[in-house]
Amino acid sequence: MTEPRIGVYVCHCGFNIAGTVDVKKVAEYAKTLPNVVVARDYVFMCSEPGQDLIKQDIKEHNLNRVVVASCSPSLHEVTFRTAVAEAGLNKYLMEMANIREHCSWVHHDKEKATEKAKEIVRMAVAKARYLDPLEELEVKAEQSALVLGGGVAGLRAALELANYGLQVYLVEKSPTIGGKAALIGYVDPKTKGAEIVSKMFELIKECPRIHIFTNSELIQLSGFAGNYTAKIRVNPRYVTEKCTLCGECEEVCPIEISNEYNFGLNKRKAIFLPFNNAYPPYYAIDHRVCVKCGECEKVCRFGAINLKQEPKIVELKVGALVIATGYDPYRPFKGEYGYGLHESIITLFQLARMLDPESPTKGELIIGGKIPKSIAFIQCVGSRNTTPGAKEYCSRMCCTTAINNAIKIKEKYPDTNVYIIYKDIMTYGSDESLYEEAGKKLVQFVKFEDKIPRVLITPEGLFIEVFEYTIQENIRIPVDAIVLSIGMLPPRDIEELIAVTRVSCGGEGFVREAHLKLAPVEAPTKGIFLAGCITGPKNILESIRMGSAAAAKAMSLLSKGKITIEPMIAQVNEEKCSGCAICVGVCPYSAISIKNVNGDRVAYVEKALCMGCGTCNAACPSGAMQHLGFKDVQLLAQTRAVFGGEVNV
Amino acid sequence: MTEKPKVAWYWCASCGGCEESFVDLAERLLKVFEAVDIVFCPVAMDFKREDVEKLPDGSITVALINGGIRLKEHEEMVKLLRKKSKIVIAYGACSAWGGIPGLANLYNLDEVIERKYLEVPTVENPKEVMPTKKTIVNIPEAGIKAEIELTEPLPVLLPLDKVIDVDYYIPGCPPTPDVFWNALQALLSGNLPPKGSVIGASQKSVCDECPLNETKPEKILVKEFKRPDKAMAKPNECLLAQGFLCMGPVTRGGCKSLCPQANMPCTGCFGMLDGIVDFGGKAISYFGSILDYSPLEEREIKDAYEKVPDWVGVVYRYSLAASKLGHKARLKKVERIKEVTEI
Numbered sequence: 002m003t004e005p006r007i008g009v010y011v012c013h014c015g016f017n018i019a020g021t022v023d024v025k026k027v028a029e030y031a032k033t034l035p036n037v038v039v040a041r042d043y044v045f046m047c048s049e050p051g052q053d054l055i056k057q058d059i060k061e062h063n064l065n066r067v068v069v070a071s072c073s074p075s076l077h078e079v080t081f082r083t084a085v086a087e088a089g090l091n092k093y094l095m096e097m098a099n100i101r102e103h104c105s106w107v108h109h110d111k112e113k114a115t116e117k118a119k120e121i122v123r124m125a126v127a128k129a130r131y132l133d134p135l136e137e138l139e140v141k142a143e144q145s146a147l148v149l150g151g152g153v154a155g156l157r158a159a160l161e162l163a164n165y166g167l168q169v170y171l172v173e174k175s176p177t178i179g180g181k182a183a184l185i186g187y188v189d190p191k192t193k194g195a196e197i198v199s200k201m202f203e204l205i206k207e208c209p210r211i212h213i214f215t216n217s218e219l220i221q222l223s224g225f226a227g228n229y230t231a232k233i234r235v236n237p238r239y240v241t242e243k244c245t246l247c248g249e250c251e252e253v254c255p256i257e258i259s260n261e262y263n264f265g266l267n268k269r270k271a272i273f274l275p276f277n278n279a280y281p282p283y284y285a286i287d288h289r290v291c292v293k294c295g296e297c298e299k300v301c302r303f304g305a306i307n308l309k310q311e312p313k314i315v316e317l318k319v320g321a322l323v324i325a326t327g328y329d330p331y332r333p334f335k336g337e338y339g340y341g342l343h344e345s346i347i348t349l350f351q352l353a354r355m356l357d358p359e360s361p362t363k364g365e366l367i368i369g370g371k372i373p374k375s376i377a378f379i380q381c382v383g384s385r386n387t388t389p390g391a392k393e394y395c396s397r398m399c400c401t402t403a404i405n406n407a408i409k410i411k412e413k414y415p416d417t418n419v420y421i422i423y424k425d426i427m428t429y430g431s432d433e434s435l436y437e438e439a440g441k442k443l444v445q446f447v448k449f450e451d452k453i454p455r456v457l458i459t460p461e462g463l464f465i466e467v468f469e470y471t472i473q474e475n476i477r478i479p480v481d482a483i484v485l486s487i488g489m490l491p492p493r494d495i496e497e498l499i500a501v502t503r504v505s506c507g508g509e510g511f512v513r514e515a516h517l518k519l520a521p522v523e524a525p526t527k528g529i530f531l532a533g534c535i536t537g538p539k540n541i542l543e544s545i546r547m548g549s550a551a552a553a554k555a556m557s558l559l560s561k562g563k564i565t566i567e568p569m570i571a572q573v574n575e576e577k578c579s580g581c582a583i584c585v586g587v588c589p590y591s592a593i594s595i596k597n598v599n600g601d602r603v604a605y606v607e608k609a610l611c612m613g614c615g616t617c618n619a620a621c622p623s624g625a626m627q628h629l630g631f632k633d634v635q636l637l638a639q640t641r642a643v644f645g646g647e648v649n650v
Numbered sequence: 014m015t016e017k018p019k020v021a022w023y024w025c026a027s028c029g030g031c032e033e034s035f036v037d038l039a040e041r042l043l044k045v046f047e048a049v050d051i052v053f054c055p056v057a058m059d060f061k062r063e064d065v066e067k068l069p070d071g072s073i074t075v076a077l078i079n080g081g082i083r084l085k086e087h088e089e090m091v092k093l094l095r096k097k098s099k100i101v102i103a104y105g106a107c108s109a110w111g112g113i114p115g116l117a118n119l120y121n122l123d124e125v126i127e128r129k130y131l132e133v134p135t136v137e138n139p140k141e142v143m144p145t146k147k148t149i150v151n152i153p154e155a156g157i158k159a160e161i162e163l164t165e166p167l168p169v170l171l172p173l174d175k176v177i178d179v180d181y182y183i184p185g186c187p188p189t190p191d192v193f194w195n196a197l198q199a200l201l202s203g204n205l206p207p208k209g210s211v212i213g214a215s216q217k218s219v220c221d222e223c224p225l226n227e228t229k230p231e232k233i234l235v236k237e238f239k240r241p242d243k244a245m246a247k248p249n250e251c252l253l254a255q256g257f258l259c260m261g262p263v264t265r266g267g268c269k270s271l272c273p274q275a276n277m278p279c280t281g282c283f284g285m286l287d288g289i290v291d292f293g294g295k296a297i298s299y300f301g302s303i304l305d306y307s308p309l310e311e312r313e314i315k316d317a318y319e320k321v322p323d324w325v326g327v328v329y330r331y332s333l334a335a336s337k338l339g340h341k342a343r344l345k346k347v348e349r350i351k352e353v354t355e356i
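Protein chains in written order, with the working numbering: chain G, 2 to 650; chain X, 14 to 356.
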């Protein structure tokens with residue numbers, strides 16, 4: 002090892018650091034540390050002149066290590082790495098000492114903060130002595146992407162990716178794309194969800210680069226960013242493209258079940274068309290309930306039905322993955338606000354669907370067989386801790402959806418009394434105008450707080466008992482129908498999604514983004530992006546935007562045709578590794594395997610898969626697994642320096 | 014004729030197993046006697062301390078020292094041997110890291126003495142006779158008047174390198190004859206690694222030599238930790254993968270995986286590999302890594318750990334005295350040793 006020649010640069014960050022830390026003293030102290038050739042302080046190290054100081058010193062003083070004592074690496078590591086690289090030094094020979102977030106911002110006592118800053122600098126210098134130059138790796142990136150989920154977020158992402166020029170595979174579990182937006186009725190007073198979706202279908206039909214797999218699911222994902230291999234199981238639809246939508250098959254089918262495409266408002270057959278504009282525009286057979294009686298096959302005049310179809314496995318090479326598998330509506334338990342006990346207690350999804358002209362009631366408001374004269378929405382069902390089964394979060398879309406549909410009801414049935422029984426109205430942003438309009442249309446708002454409303458089912462009819470918070474009084478509202486404004490849940494099959502894609506869940510059960518502010522839309526695994534309600538409740542607009550954002554991020558990853566891999570990853574010393582395989586089991590990214598090298602079992606790290614989390618490094622019993630950039634010698638030097646111990650390891 | 018290399022062999026807090034390993038060289042022992050002169054060896058030869066003191070400084074080629082440093086006498090002797098020897102070798106686990114007697118460092122000296130002289134089930138000491146620094150024997154009828162002074166114990170047991178400079182280490186409890194032989198070959202040939210190295214053993218862990226390593230599943234994940242006194246191990250199957258607390262992955266090889274091959278989990282007597290700072294810390298870290306519970310299943314995790322009654326005894330069996338754990342006894346005044354007894 003050539004003798005380290007270290008330059009230390011202490012940043013004032015204006016007053017951010019200099020206000021609490023005596024930066025001059027820290028720089029003077031740094032000069033006394035072993036191997037430190039030059040130490041300076043400057044008002045803003047990240048500014049051009051600040052960076053130039055470092056670059057000049059590297060050349061003048063022949064520095065081979067740089068320590069910048071300033072802010073968190075998450076803010077300016079890239080800045081300073083680039084600066085040292087421009088001066089001809091390997092950019093991994095720069096170490097940051099965080100004396101802002103870890104010191105000046107959290108202390109008041111200038112003297113003690115200065116002492117602490119010195120210690121932080123001493124640690125960074127100790128580590129810097131042992132830094133190694135590292136080289137980034139490059140791998141080829143497939144110019145294709147897989148989009149999971151054919152709802153608005155997934156469709157938007159697929160369209161964007163295809164527009165960018167990528168080959169896109171869209172995988173949808175159900176027989177049609179469109180997701181819940183296609184069914185939800187009016188998303189604002191003028192627009193139907195189905196219209197938005199239909200427009201997207203038109204664009205998709207015209208786009209040759211989007212291949213749609215319906216009735217399909219991702220069953221295996223291997224590889225790494227730029228080079229994923231996805232295995233898709235394509236379940237049989239049993240109906241081919243010869244289908245003309247004549248509907249004769251549906252009439253003879255003996256199986257009848259609740260129609261999930263109408264949120265249970267009516268029944269459908271085992272052979273069915275999900276909704277009028279479904280895409281692809283063919284009937285499908287629900288393999289979970291079909292008894293294969295063959296009646297449909299007999300009656301079909303076009304030979305479009307083939308009950309002998311088998312599931313197929315398709316293997317796709319993709320550079321990136323966009324997960325947009327959406328949400329499930331909250332499932333109220335039986336008896337939650339009377340749900341399931343009375344035919345006139347329905348959910349918001351059912352109501353919204355009902356008001357869609359394509360619905361079983363043709364857009365008429367018919368609940369429990371009649372047009373209600375008074376109807377009440379109960380808000381926050383399943384959200385905001387209202388009932389025992391409820392989630393803590395706000396589902397974001399229910400207030401606007403309820404108010405929007407209340408307005409629709411008032412427009413169509415001006416004499417119907419509409420109540421919205423709410424905890425807080427969350428019509429944020431421009432949706433606030435809907436709240437105003439509802440007021441003008443005499444929708445009545447009833448506020449509750451901690452005590453939740455009670456639904457009474459009596460021989461005289463339905464009543465809601467609620468302690469009205471504004472007037473501080475118990476009131477009893479007779480109603481003909483009750484709409485439960487249910488929120489959103491993570492999709493039922495999220496466990497399978499996690500098992501296959503290795504994304505992780507946040508506390509609310511939705512998939513977590515790598516960092517909400519610093520790495521939005523990204524999963525912690527490189528090359529996997531998230532869109533729509535899979536990361537938590539959103540309205541349609543937000544989901545669509547997130548679809549665009551995920552596509553843009555996927556594109557920025559793949560557009561160069563190759564992917565740079567961060568070299569701060571795990572590395573095996575084969576001389577020491579005994580192949581004990583502890584590391585294999587702990588790796589969250591399945592990046593490690595055991596391979597045979599000249600008859601010896603040793604661990605092997607797939608560099609492109611390694612995310613540099615360091616778990617294997619900590620678990621390795623023999624010290625064979627080292628984390629480049631955080632090697633044992635580097636961390637031990639740093640640790641010993643905390644206690645003012647010897648600098649040599 | 015050139016003079017043969019001189020070898021000294023000394024024991025400190027030792028069980029005698031290390032000496033036994035010397036005898037276990039069997040026929041190879043004759044070659045050792047051909048090659049070297051043994052100048053000091055209390056276990057087998059009647060040389061005294063004065064004999065060593067008379068030797069010129071640096072005249073002993075190699076001093077092999079086994080056992081941990083428990084008594085002042087040990088401390089004095091090893092310092093003397095250091096002065097007289099070119100190369101000092103910590104022989105066996107006790108000398109290298111404190112070994113099993115080093116586990117006494119969990120207790121202060123009084124607790125150790127009470128345990129040893131009063132509480133151990135095999136001890137019968139109704140008069141509570143305790144160790145004494147100085148015993149005055151005065152029997153005028155027999156014309157005996159003498160003072161016997163016992164050496165004092167140190168507050169904690171120390172590995173050899175905490176007392177003197179150590180050149181090399183030969184690991185094992187005890188070192189196997191092959192490891193000893195390899196080390197001797199290296200010493201006699203002069204083909205030695207940098208000072209401070211372990212000699213005679215492997216640079217990889219026990220797993221590397223263990224035939225059961227091949228039987229490991231792709232991922233080692235266990236639901237419980239097993240111990241050989243409570244559960245029967247399936248033969249020909251990796252013990253760790255079965256849930257046994259096998260130290261194979263963290264322990265230096267060279268023993269030819271004798272214990273795992275006899276269906277006994279490795280206990281770690283060859284110590285840690287180069288570059289590892291703390292044996293027990295590393296061991297507990299990988300046991301934690303293979304426990305197959307989500308972080309949320311705290312109860313299950315706790316249960317799995319609590320089934321093992323003596324974690325320190327498992328993961329620091331041979332290395333507690335050399336570990337980063339504090340030595341409890343260090344600051345406490347010893348009260349259980351009497352100053353003077355008169356007979």
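Because the hints were derived from the structure by calculation, they are not lab data.
All values reported here derive from a predicted model rather than from experimental measurement.
Backbone N, C-alpha and C define an ideal beta-carbon position, used for all residues, glycine too.
It cannot be assumed that every hint is accurate.
What follows is a set of in silico ranges between Cβ atoms, one per label pair, in the way DEER data are often shown [stated by the list, open to error]:
no., chain 1, residue 1, chain 2, residue 2, range
1, G, Gln-57, X, Ser-72, 58 to 66 Å
2, G, Asn-597, X, Thr-164, 54 to 62 Å
3, X, Gly-209, G, Glu-607, 30 to 38 Å
4, G, Asn-597, X, Leu-271, 21 to 29 Å
5, X, Glu-16, G, Asn-597, 45 to 53 Å
6, X, Tyr-318, G, Glu-607, 42 to 50 Å
7, X, Tyr-318, G, Gly-430, 38 to 46 Å
8, X, Tyr-318, G, Glu-450, 41 to 49 Å
9, G, Asn-597, X, Pro-144, 31 to 39 Å
10, G, Ser-557, X, Ala-275, 39 to 47 Å
Broken hints, numbered, in rising order? 6, 7, 9 and 10
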